[in-house]
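Participant: Residues per chain are reported as follows:
There are 2 protein chains.
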Amino acid sequence: MTDIDRRLALIKRNLQELIGEEELMALLKSSKTPSVYLGTAITGRPHIGYFVWVVKMLDLLKAGFKVKILLADVHGALDNTPWQLLEKRYQYYEKVITGMFESLGADMKKIEFVKGSSFQLQDKYILDLLKLATQVTVHDATKAASEVVKLGDSPKLAGIIYPLMQALDEEYLKVDAQYGGIDQRKILVFARENLPKLGYNARIEIMTPLIPGLQGPGAKMSASVKHSKIDLIDDSVAVKDKLDKAYCPEGVVEGNGVLAFTNYVLMAIHELAGTTLGIKRPAKFGGDVSYRTYAELENDFAAKKLHPMDLKQAVANEVNALLEPIRKKMAAHAKLIQEAYPE
Amino acid sequence: MTDIDRRLALIKRNLQELIGEEELMALLKSSKTPSVYLGTAITGRPHIGYFVWVVKMLDLLKAGFKVKILLADVHGALDNTPWQLLEKRYQYYEKVITGMFESLGADMKKIEFVKGSSFQLQDKYILDLLKLATQVTVHDATKAASEVVKLGDSPKLAGIIYPLMQALDEEYLKVDAQYGGIDQRKILVFARENLPKLGYNARIEIMTPLIPGLQGPGAKMSASVKHSKIDLIDDSVAVKDKLDKAYCPEGVVEGNGVLAFTNYVLMAIHELAGTTLGIKRPAKFGGDVSYRTYAELENDFAAKKLHPMDLKQAVANEVNALLEPIRKKMAAHAKLIQEAYPE
Numbered sequence: 000m001t002d003i004d005r006r007l008a009l010i011k012r013n014l015q016e017l018i019g020e021e022e023l024m025a026l027l028k029s030s031k032t033p034s035v036y037l038g039t040a041i042t043g044r045p046h047i048g049y050f051v052w053v054v055k056m057l058d059l060l061k062a063g064f065k066v067k068i069l070l071a072d073v074h075g076a077l078d079n080t081p082w083q084l085l086e087k088r089y090q091y092y093e094k095v096i097t098g099m100f101e102s103l104g105a106d107m108k109k110i111e112f113v114k115g116s117s118f119q120l121q122d123k124y125i126l127d128l129l130k131l132a133t134q135v136t137v138h139d140a141t142k143a144a145s146e147v148v149k150l151g152d153s154p155k156l157a158g159i160i161y162p163l164m165q166a167l168d169e170e171y172l173k174v175d176a177q178y179g180g181i182d183q184r185k186i187l188v189f190a191r192e193n194l195p196k197l198g199y200n201a202r203i204e205i206m207t208p209l210i211p212g213l214q215g216p217g218a219k220m221s222a223s224v225k226h227s228k229i230d231l232i233d234d235s236v237a238v239k240d241k242l243d244k245a246y247c248p249e250g251v252v253e254g255n256g257v258l259a260f261t262n263y264v265l266m267a268i269h270e271l272a273g274t275t276l277g278i279k280r281p282a283k284f285g286g287d288v289s290y291r292t293y294a295e296l297e298n299d300f301a302a303k304k305l306h307p308m309d310l311k312q313a314v315a316n317e318v319n320a321l322l323e324p325i326r327k328k329m330a331a332h333a334k335l336i337q338e339a340y341p342e
Numbered sequence: 000m001t002d003i004d005r006r007l008a009l010i011k012r013n014l015q016e017l018i019g020e021e022e023l024m025a026l027l028k029s030s031k032t033p034s035v036y037l038g039t040a041i042t043g044r045p046h047i048g049y050f051v052w053v054v055k056m057l058d059l060l061k062a063g064f065k066v067k068i069l070l071a072d073v074h075g076a077l078d079n080t081p082w083q084l085l086e087k088r089y090q091y092y093e094k095v096i097t098g099m100f101e102s103l104g105a106d107m108k109k110i111e112f113v114k115g116s117s118f119q120l121q122d123k124y125i126l127d128l129l130k131l132a133t134q135v136t137v138h139d140a141t142k143a144a145s146e147v148v149k150l151g152d153s154p155k156l157a158g159i160i161y162p163l164m165q166a167l168d169e170e171y172l173k174v175d176a177q178y179g180g181i182d183q184r185k186i187l188v189f190a191r192e193n194l195p196k197l198g199y200n201a202r203i204e205i206m207t208p209l210i211p212g213l214q215g216p217g218a219k220m221s222a223s224v225k226h227s228k229i230d231l232i233d234d235s236v237a238v239k240d241k242l243d244k245a246y247c248p249e250g251v252v253e254g255n256g257v258l259a260f261t262n263y264v265l266m267a268i269h270e271l272a273g274t275t276l277g278i279k280r281p282a283k284f285g286g287d288v289s290y291r292t293y294a295e296l297e298n299d300f301a302a303k304k305l306h307p308m309d310l311k312q313a314v315a316n317e318v319n320a321l322l323e324p325i326r327k328k329m330a331a332h333a334k335l336i337q338e339a340y341p342e
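In the order they appear, the protein sequences are chains G and E.
So in numbering that gives the first Met the number 0, spot 187 of the first sequence is number 186, and the numbers just go up one at a time.
So in numbering that gives the first Met the number 0, spot 96 of the second sequence is number 95, and the numbers just go up one at a time.
Source of the hints: derived by calculation from the structure; they are not laboratory data.
Backbone N, C-alpha and C define an ideal beta-carbon position, used for all residues, glycine too.
Do not take every clue at face value.
Pairs of lysine to aspartate or glutamate residues, derived as EDC-like cross-links and limited to a Cα-Cα distance of at most 20 Å, are as follows [as the list claims (entries may be wrong)]:
#	chain 1	residue 1	chain 2	residue 2
1	E	142	G	122
2	G	149	E	146
3	E	130	G	122
4	G	142	E	139
5	E	130	G	86
6	G	130	E	122
7	E	123	G	139
8	E	114	G	139
9	G	123	E	152
10	E	149	G	122
11	E	123	G	2
12	G	142	E	152
13	G	114	E	122
Per the computed footprint, the stretches of chain E lying under chain G, defined by three or more beta-carbons under 8 Å from a beta-carbon of chain G, are [claimed, not checked]:
#	stretch
14	45-58
15	140-153
16	173-180
17	260-270
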């Protein structure tokens with residue numbers, strides 16, 4: 000396996016779609032350090048589902064990418080975050096997402112955090128936004144935004160400006176690629192189609208799947224649906240309790256959020272670290288077992304050789320281990336949390 | 000007649016609609032110098048119809064207003080002016096519109112010209128634009144833009160950003176009132192309704208009618224319809240020729256662009272100056288006649304006491320007198336005209 004093969008495998012691990020694979024190959028073969036960004040709009044409270052992209056960013060780091068995290072405050076406001084809460088929520092995101100990377104032992108020097116409003120209000124950016132707006136129809140902008148922005152029955156203008164800014168961010172962050180969840184697909188394709196109209200290069204678009212929420216099929220893990228998610232600062236009892244109640248029927252893989260999280264987060268971390276996921280069981284239930292890959296774990300679960308109770312307990316322990324440093328860090332910011340998310 | 004009555008009469012002269020008359024009265028009664036702006040989007044070549052608002056601005060100046068002319072370059076681009084021609088067209092507008100005021104003997108020290116992009120790209124303005132965009136629906140923005148912006152079957156996003164910027168301009172130009180043609184009505188009402196959502200005052204909105212083009216009823220005088228208009232730099236032969244061919248049937252007032260121009264421009268100028276509009280005729284056709292008011296002239300025309308040929312000749316002479324200084328001024332800028340309006 001060549002070095003490029005190894006890097007490509009890391010990049011493609013757990014992806015649902017990659018647009019621009021040829022450009023990616025050329026990039027990896029060049030001497031350039033590739034760069035990628037992920038944008039997270041400042042909206043509801045980040046939950047453990049955000050680990051999917053945090054872990055994927057670690058894959059990309061290991062594959063030699065320079066990685067940037069866009070804390071997209073303006074985008075948050077365009078998608079219904081009240082303007083008066085925006086700065087506090089930005090501060091919360093900045094702290095808690097840093098905490099997620101720290102919890103995974105990431106080298107923070109290699110990760111650049113960028114605040115959206117730090118560059119999205121400059122003259123040149125705004126002129127480009129208006130130029131793009133003269134080329135893009137209301138119809139196409141609405142379509143692009145439709146799966147990401149909460150448009151409702153009577154879409155606000157802000158919601159359809161959103162995808163144009165996300166396209167420009169690829170250029171202004173000077174990256175080779177953008178990474179996002181598959182729900183971003185229409186926006187990422189929009190970016191790829193539209194940047195060249197301004198004379199800029201189309202970027203590589205990298206997408207991971209959405210993972211189901213803990214409440215079962217159809218319930219995506221969402222920052223805006225309270226019980227679908229484990230909050231990053233939930234205490235260990237709440238974590239255990241939410242996992243206990245999670246949808247995870249014996250032998251059922253489809254729509255199983257516990258399994259999906261195990262796959263895209265826990266096993267992904269273990270594989271990166273070269274460790275295994277261990278499950279403690281009394282001897283009478285089969286005794287302790289450990290998994291090196293998700294495929295093995297899923298096989299056992301589907302064959303009912305791994306019981307939901309045992310899986311949930313192991314997942315709860317692993318989640319609590321991930322969250323403990325974040326909880327500690329955020330304990331000092333109770334006032335900020337209250338200001339960012341009143342009521 | 001009190002001074003306020005006199006000023007109010009000047010302001011209301013030739014208006015089709017005034018929104019905020021109570022606020023206007025309070026303003027006139029206060030010790031404040033009132034201010035008003037008119038915005039002209041940088042699009043097609045200004046024609047003699049633009050004299051309607053230039054003359055109205057002189058009314059407002061005489062009524063004690065501080066007047067600002069917004070040369071709206073960004074708005075021009077949002078309404079389909081090619082970005083690469085924008086700066087040249089802006090330069091053309093700046094010169095030719097200055098020439099229009101100069102031709103009328105206006106005190107140029109009292110008229111402030113402002114370039115849209117000089118303030119519309121600043122952070123605070125853009126943040127306000129985005130804030131407003133979070134409150135305004137695509138539907139309402141489209142409706143507001145519909146009679147001003149060439150939206151076509153598949154409106155561009157730029158066209159519906161247009162009215163939001165026009166609303167903000169009232170605040171950022173620090174004026175008490177906006178003046179425009181009645182075609183601007185939806186945008187002006189939109190501005191009045193929406194500025195308060197950002198905590199800004201609703202402004203007074205002043206509107207004059209649109210005048211018919213020279214080709215008859217339904218043909219508004221438009222910068223984008225070539226033969227509907229007399230260009231500001233047409234030579235005297237062209238002016239005479241276009242007037243000769245203009246729709247102006249004997250005795251017909253309705254849809255008569257020659258009469259409308261006589262009313263809103265020529266007689267308005269004479270009334271401001273205290274002069275009369277003179278018409279030369281051979282004795283056998285009634286001899287010379289002069290009019291002090293448009294009403295008298297229209298009465299005679301409707302009663303077929305003033306023949307279209309005689310009216311057209313007088314109008315041609317007056318138009319040529321208005322345009323002569325502009326033609327002279329612009330003769331030095333042939334290259335600019337070619338660059339701004341190629342083909």
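Participant: If a hint holds in the structure, say so; if it doesn't, say that too.
Facilitator: Hint check results:
| no. | hint | verdict |
| --- | --- | --- |
| 1 | E:142 to G:122 | violated, 28 Å |
| 2 | G:149 to E:146 | violated, 29 Å |
| 3 | E:130 to G:122 | holds, 17 Å |
| 4 | G:142 to E:139 | holds, 18 Å |
| 5 | E:130 to G:86 | holds, 14 Å |
| 6 | G:130 to E:122 | holds, 17 Å |
| 7 | E:123 to G:139 | violated, 28 Å |
| 8 | E:114 to G:139 | violated, 31 Å |
| 9 | G:123 to E:152 | violated, 30 Å |
| 10 | E:149 to G:122 | violated, 26 Å |
| 11 | E:123 to G:2 | violated, 49 Å |
| 12 | G:142 to E:152 | holds, 17 Å |
| 13 | G:114 to E:122 | holds, 15 Å |
| 14 | 45-58 | violated (count 0) |
| 15 | 140-153 | holds (count 3) |
| 16 | 173-180 | violated (count 0) |
| 17 | 260-270 | violated (count 0) |
Checked against the numbered hints given earlier, the structure breaks hints 1, 2, 7, 8, 9, 10, 11, 14, 16 and 17 and satisfies all the rest.
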